[in-house]
Each structure stands twice: as C-alpha cells, then as structure tokens.
Amino acid sequence: MTTPRPLLVVEAEYRFYRRTWRGTVLTTWLRPILFLVAMGMGLGTLIDRNTNEILGDIGYLAFIAPGLMAASAMQTAITESSWPVRTGIKWRKNYWAQISTPLTPGDLLTGLMIWIFIRLLFVSTAFAVVIWIFGAAPFGKALAAVPAATLTGMAFASPMAALAAWIKEDSTMVALFRFSIIPLFLFSGAFFPIDQLPNFLQPIAMISPAWHGVELCRRIIIDIPLTLPVWTEVGYLAAALAAGWWAAGRQLTRRLLV
Amino acid sequence: MVESLVVGRGLSKNFGEFTAVDNINFQIQAGEVFGFLGPNGAGKSSTMRMIGATSPATSGYLRVLGMDPMTQGVKIRARLGVVPQEDNLDRELSVYENLLTYGRYFNISRADIDLRTSELLEFVQLSERRDSRVDPLSGGMKRRLIIARGLINQPELLILDEPTTGLDPQARHVVWDRLYQLKQEGVTLIITTHYMDEAEQLCDRLVVMDKGRIVAEGSPKALIERYSTRDVLEMRFEDRDQERAMPIIVKVAVRTENLPDKVMIYTDNADEAVARLSRRGVHPISTLIRRSTLEDVFLRLTGRQLIE
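Quick note, the sequences are listed as chains U and H, same order.
Per numbering that gives the first Met the number 0, residue 0 is the first one in the first sequence, and the count goes up by one each step.
Per numbering that gives the first Met the number 0, residue 0 is the first one in the second sequence, and the count goes up by one each step.
Hints were generated in silico from the structure; no laboratory data involved.
Any given hint could be a false lead.
[Stated by the list, open to error] Simulated restraints on C-beta separations:
hint : chain 1 : residue 1 : chain 2 : residue 2 : range
1    : H       : R129      : U       : T1        : 22 to 32 angstroms
2    : U       : T124      : H       : D134      : 42 to 52 angstroms
3    : H       : T164      : U       : L29       : 44 to 54 angstroms
4    : U       : K89       : H       : P135      : 18 to 28 angstroms
5    : U       : K167      : H       : G9        : 30 to 40 angstroms
6    : U       : L29       : H       : D111      : 40 to 50 angstroms
7    : U       : A237      : H       : N24       : 44 to 54 angstroms
8    : U       : V24       : H       : D134      : 21 to 31 angstroms
[Said to hold, decoys possible] Among the chain U residues that face chain H by a calculated CB cut under 10 angstroms, a handful are:
hint : residue
9    : T2
10   : T19
11   : W20
12   : R21
13   : L25
14   : I98
15   : T100
16   : L102
17   : T103
18   : D106
19   : L255
The model shown is predicted, which means the values in this text are computed figures rather than measured ones.
Note that CB positions come from ideal geometry on N, CA and C, so glycine has one too.
Just chain U, with the same shape it has in the complex:
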C-alpha cells in the first residue's frame, strides 16, 4: 500500500509529537482555562458591574470566550509553523534528511499544513469544551465554532511558515515574535471591539486575519452580527492561507534545493 507522500510527513510529525505531547497537553487545556478565569471571570466581574452600551446584555465572559478561541488557534498555529520550519532547516535539520528521500519541499509543506490542521482541530475543540464548562456558551454552539477557529489558525500557519523559511537570522525571528505576535493578539478584537481603537489603528487591525476569525467565532457562538458578509470573512481567511502556502512553497524550495 502506498501512502501519499505528504501523509508520510504527517506520520513523522506524529511520531515526533509522541515524544513531546505532554507539554502541549498542558497548553491545550491550561491556556483556555487561565484566560477565561483571568479575563472572563476576573476582569469580567469588573466590566459587568457597569452596564454598558457596547456589550449590551452579553456578559464579558461570553464576549471574550469566542474571541479567545480564535486568537488561541492563531497562537498555536504560529508556534507550530514557525519553529518546526526553522529547526527543520537549521537545527534539527530533518528537512535536509527528508529531501534526500522521495519527499519534495512541497510534500514537507503540505504535510506540515495537514499536521497543523489536525492540531488546530484538537486545540479548538478543547477550547470549546472549556467554554462550555465555564458556562460561557452552550456546548453545540461552542463546538460549531471549531471550524472557524481552525481556519483562523490556518490563515496564520502558512504565512508564518513562509516567514520562518525566508528569515535568515534567529534574532530576527525572536524580534518578530516579540513585536508582532502580542499586538496581533491584543488588537485582534478578542478583548474589545476594534471600533474602540483609535481610528488610525482600526484598518490595521482589520488587515490581520485574527480579527476576521474573532468575528466569525463570535457570530457563531453568541450571534453578534458580522461587520462584513460571512463569505468575505471566510474568503479573506482562505486567501491568507492560500497566499501563505504559495509563498512558503517558494521559500522552502529556494532554501532547500540549492
């Protein structure tokens, strides 16, 4: 029986993952719990005490839970696509071993994307379960947002893989993480509607796929109307995934087939 080549990469990722899964279980479950406790319950109590016109009768916990689900998928995707590509080329060097077999750089990329997709399904489902346990939404609705959160993550996974293959220095990677991931997270609309931002920042926040993902998840879980039509949102995320995939394919080929 012949397995398609990208799935052989997924298989290898899984074999490697079995060695390191303990650490990821902690982040998969602990991250949603910590965020919902600190932000939803802690900060939320303070916010809910003053009734406000922005959130209406939705509690803060219910408001941020879907947003955090999308933003959390983004974080997982970024971690899973950046360092593995980096170390695959530079430190673990497994990419070099892989391309000396029948695998191509395209196979490595497709395999990585499938692997991240599977990881995002798990992480987002775990997040949905935590949302439900916290009583922030009914289980069915939280679960219905898993595809949207997964797509949000994928919209970051491929561009990040492209960047990780393109950037030469590790210090550049670290700087990128430090100065872009946190703003992406904070201004994604997960914590507050982006129309609360200063006017000049709003278009910047809208460029990030995170905001589109947050909007989608919120629409599915708590029925807040979308700013843009649903297909525009989905299309935007899909376009980011496709553009990133194309760029990552190019960069990986350029780096590996020298």
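Use these hints to put chain H onto chain U, whose structure you have.
Below, chain H without anything else, positioned relative to chain U:
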C-alpha cells in the same frame, strides 16, 4: 554497451557570481566505487547534491540511473542512498526510530523496515544500541547509523559525502570495512573525500577536483604513474646545507620540491638516487624513502597553498 549509472557532461553549478562546479564531465559505471577527490571548496559536495537530485544544475547534462534529476527527482531519490557530510539524524529519537522514520519516507512498510533494520544494525554493528537515543552515541556510531539509514531502501547507488571526516582511526577503519563489503555486494558507491588513503583504499576510479574543475581522472594507480614517480625521497638538512645541495639534487631527480623544512625528491629508483647523491657529497640529517601516494598526485595537481 551498458549505459553508465551516472553521466555528467558540461555540468556547471553557480551560486550567484560564484562558480562552484565548472563544466565537468564524468561517467560512473554500475558496481564501481567512484571518488571525487579535492580540497575544501573544490565543488565536490555541490556535485554530490546535483547527483542526489536535491540541487538543480545551472547548466549541462546530467543523468542519474538514466533519468533527469531536474524532472524525475522523486523517482531517482527513491533508488538512491545518501550519506550526508553533516549529521542530520533525529537526536531526540532512538536508533530504531530514526531508521523507521526514514524508511517510511520511502513508503516501505513497517514490517519490511523491521526486518531490514535488524540486518542493517547487524551490518553496522549497532544491534545493541537499537533502542538507545541517538544523542549520546559517539561520532563513529552516528556515522555508521547514517550509513545504515542510507541503505534502508536497498539503493542501487550510495552517495557518501566525506564519510569518515572527523572520525578517529578505529572508527574510520570500521567504516571502510563496511563500505568495502557493500562494494563486494555490488552496490555502486560515490564517495567524496579529501583523505588520500581513503581514496586509495576504496576507489576503483576517481577524479581530482580543484576550483570547480576536474584536473585529473583515473584509477589511483594510474594517477600515481602519470602525475608522480614510483618513489619519493624526503630529505632534511642542517640549516644552509639544503640550499647548497639543491643544484646537485635537481640533477638526479625527475622533479623536486624545495620546502622550508625538507626537500621532496621524486624519482623512479630511490635507492639509486640516494647512492648517487651520497657519492656527490650530499649528506642530509635524515632521509625517508617511500612509495608515491595519491597525496603526492593531489598536492602536485592542487598545489600546497592553503585553500580557504
């Protein structure tokens, strides 16, 4: 005539302005051990990567197992074994898991890999380390594991890029021994090395590369005959005696090299040359008589200047 396993004609590889491989021609026959010999930066590794179908040639003709690496890389790599210069084993995984992971990339079933793994670990003398992690293994063990890994798909052609660089003498001999056995089994081997003894021991035929070009080609024996003499005399002198002896030495030698610490005298009959020099009053403090080696050929062709 049987088509050669690997054919390169007018093959070149540029990296921007830099020409790593400059218009080289070679043919490698099935069953032979073929060497690419040369100093660092001669273009050996670049040539290896082109043959390994992981590096597109800039220009020229290249066929590996009758196929074009540019368009049929996947099929070529399925039938190749590659032992890279740089160790890219998965340090976190065990010896067995490394072979399993790599074997699966070739779509070999798990059952077949298990069978093959025990044979291969036996072959490279690592059976007892099957389940230990790779990280703590010695350099020689890692190298043997990479060789085993390169053989997992039963390749027709095994490409080894400096297989013994950085190994201690015992480990080198174990590797040579294994490679020699592979040759006996009919596996075609392509080896790059800058160790002359390695090339002399293993290679049926080799090319000497320098600055991206092939500067000589043939069997180790033929190369020595053509580019060196049968014997070499290495004479060391007291301070100024060397300069005084040179005019006499030149007359009895086929070729000489006047080095700061000694004179190399190339001759086809060392004993006779020593006697003649002695009769003419040349008295070194030490004389070493030895047979010519590939190293003499190599140094003659690529020079003594340090290339960096």
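Okay, the hints, checked on the actual structure:
Roughly 27 angstroms separates the CB atoms of R129 of chain H and T1 of chain U, a value that falls within the hinted 22 to 32 angstroms. A hinted range of 42 to 52 angstroms is violated for the C-beta pair T124 of chain U and D134 of chain H, which are about 34 angstroms apart. Between T164 of chain H and L29 of chain U the CB atoms are about 46 angstroms apart, so this pair conforms to the stated range of 44 to 54 angstroms. For the pair K89 of chain U and P135 of chain H, the beta carbons lie near 22 angstroms from each other, so the given range of 18 to 28 angstroms is met.
Judged by the Cβ atoms, the range 30 to 40 angstroms given for K167 of chain U and G9 of chain H holds: they are separated by roughly 33 angstroms. Between L29 of chain U and D111 of chain H the C-beta distance comes to about 42 angstroms, which sits within the given range of 40 to 50 angstroms. Take A237 of chain U and N24 of chain H: their Cβ atoms lie about 50 angstroms apart, and the range 44 to 54 angstroms holds. Hint check: V24 of chain U to D134 of chain H, Cβ distance near 24 angstroms, so the stated range 21 to 31 angstroms holds.
For the restraint placing T2 of chain U at the interface with chain H, the shortest Cβ-Cβ distance is roughly 6 angstroms, inside the 10 angstroms limit, so the hint holds. This hint holds: T19 of chain U has a C-beta 8 angstroms from the nearest C-beta of chain H, less than the 10 angstroms allowed. Checking W20 of chain U against chain H: minimum C-beta separation of about 13 angstroms lies over 10 angstroms; hint violated. Annotation: interface hint on R21 of chain U violated; nearest CB of chain H at approximately 14 angstroms, more than 10 angstroms.
With a least beta-carbon distance of about 19 angstroms to chain H, the hint placing L25 of chain U at the interface is violated under the 10 angstroms criterion. Interface hint status for I98 of chain U: upheld, as the beta-carbon distance to the closest one in chain H is roughly 5 angstroms, under 10 angstroms. The beta carbon of T100 of chain U is positioned within 10 angstroms of a beta carbon in chain H (closest approach about 4 angstroms), and the interface hint is therefore held. Given the 10 angstroms rule on beta carbons, the hint for L102 of chain U holds: about 6 angstroms separates it from the nearest Cβ of chain H.
Here the hint on T103 of chain U is kept, as its CB sits about 7 angstroms from the closest CB of chain H, short of 10 angstroms. Interface restraint check for D106 of chain U: the shortest CB-CB distance to chain H comes to about 9 angstroms, inside 10 angstroms, so the restraint holds. A least Cβ separation of about 7 angstroms between L255 of chain U and chain H falls short of the 10 angstroms threshold, and the interface hint therefore holds.
Going down the numbered hints, you'll see the structure goes against 2, 11, 12 and 13, while the others check out.
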